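Participant: Single-letter residue listing:
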Amino acid sequence: MALTLDEVRHIARLARLRLSPEEEARFRQQLSAILEHAARLAQIDTASIPPTATVLPLRAPLRPDQPRPGLPADQALANAPAVDGTMFRIPPVFE
Amino acid sequence: MADLTDLSLLDACAALRSGETSSEALTLACLERIERLDPTLHAFLAVTAELALSQARAADLRLAEWRRDPGLPAPAALGIPVAVKDVLCLAGEPTTAGSRILEGFRPPYTATSVRRLAAAGAVVLGKTNTDEFAMGSSTENSGFGPTYNPWDPTRVPGGSSGGSAAAVAGRLCFAALGTDTGGSVRQPAAFCGVTGLKPSYGRVSRYGLIAFGSSLDCVGALARSAADLAPVFQAIAGHDPLDSTSVTDPVAPADLDGIDLNGMRLGVPEEYFIEGIQPEVEAAVRQAVDVFCGMGAKAVPIRLPHTDLALPVYYLIAPAEASANLARYDGIRFGPRRAAEGLMEQYLETRGSLFGAEVKRRIMLGTYALSAGYYDAYYAQAQKVRTLIKADFETAFRQVDLIACPVAPTTAFPIGAHGDDPLAMYLEDVFTLPANLAGVPGIAFPVGFDGKRLPIGMQLNGPYLSERALLRACHAYQSATAWHTERPPL
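Protein sequences, first through last, are from chains A and B.
Under numbering that gives the first Met the number 0, think of the first position of the first sequence as 0, with each following residue one higher.
Under numbering that gives the first Met the number 0, think of the first position of the second sequence as 0, with each following residue one higher.
These aren't lab readings, by the way, just hints derived from the structure by calculation.
No experiment lies behind these values; they were computed from the predicted model shown.
Quick reminder that beta carbons are idealized off the backbone N, C-alpha and C, glycines included.
Covered by chain A, per the in silico footprint, the following chain B stretches (three or more residues, Cβ under 8 Å):
#: 1; segment: 326-333
#: 2; segment: 350-360
#: 3; segment: 365-371
#: 4; segment: 374-381
Some chain B residues near chain A, calculated using beta-carbon distances under 7 Å:
#: 5; residue: Phe104
#: 6; residue: Lys389
#: 7; residue: Pro421
My request is simple: use the sequences and hints to build the entire structure.
Facilitator: Put into structure tokens, the structure is as follows:
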């Protein structure tokens, strides 16, 4: 299962990763090799096998709905590269 | 008293309680050893000396109170210096997950496992090196340079908890926390000749653990023996309301007395003794099985027929989960930002320039496996085959009590050996991945050396929540052998 360069660029864009042309070429080869290794899974008949998303039994435990303090804004913002008052500052999304 | 750092964790506890030494003295001895040896090993990304000394002095006050009134409860790890893998948050202290994208990050809260260990009286010496976001088997993927194996500094310590394993082996600390998503506690324990426990999935809270593969991640521990591990596991295990995947089953005390292996059925899976395994590793593991048999256990040949599918299953599921988990590193809320024109450009620049190669590869692999048109063929199919791998263990544990197998096909390999070949690196994990996919616990411990005097590790796997049985079996082995007492030439 060989990926094309265009596919590599498309995945990188979906994953929000800027790649250099050298990285695009290298990842194309490496990811293709990994996917080729994974292709053997297609040989396994799983028509009657349910998927495992978690090894835990599915359950929806409830806890008492008690108010408790959350993270104060100054602590939540303390690691941000740019803040404005009590908000994270980001480049404009809409012009 | 001889060098304090030579004491076992249990002997250090006894020396603290008798007043023969103090936590401050133990802490200073460890800090001194870190200062002397860490330039060679690079086990630590941050040393929290100030925090450690204040915790040590607090522990000494509690120990003095306890000596006046031995009726008081004495926490299990009171005054014991430990290290913590840098994927676990420690409030106010640097926490990077080995990634440049978290450089300078100081979390506002502490991981439950770390908080519980500190509540048990442990002194936190610092944060240990790891492959970036725990993705790797050698610690070479750290954004801050590799850790070196204490037995041979030209070789890797294993990974991703390589810093924790090297720190324990080098006696820079008495125990360390690690994490295991696909073998990251057990394989470095094997490469460094220490004892490492990967608990069952859900046994230890993941709150405050920087997420990699959320259905696989386990917080575990490394120490010099099962006896030293038991109190650490006891301290960190148990339900946490802050992690809804932590199980509510009670944690049985991991007492190690009165072990009788008579009649224990030890499964030996033929799929784990494959072509390509280093002959010395196979020989040492088989010899260790004989030691168990000499103590009354019975070796039973078993089959885990889907073992060879664990690697492709893992390397689709773990990257898929990682691609979602690592979406949060966007240069907005934490970590450095690469300023660019517009939000999209900022995402691309920040993530493209600050993630390392292996992390980018896995994010891309996961993104692909989850993308429209490929989801069913890759991710969904991997989840179904995961069911078969889990069923292999369920079938096996109807015939045997524990499973004995190698931890890794080889001993520690040279730095740079796998160069730029990710698939070759992934093959290092073939014997550890199945337990993560099945959610069952595993313990790794030294059972010999190869011709280059590199430690050889063996693994025991047990049924879900059988950590006590694993610790007891390992302790029985270590009571009959001395491999775990060997020291690296530092």
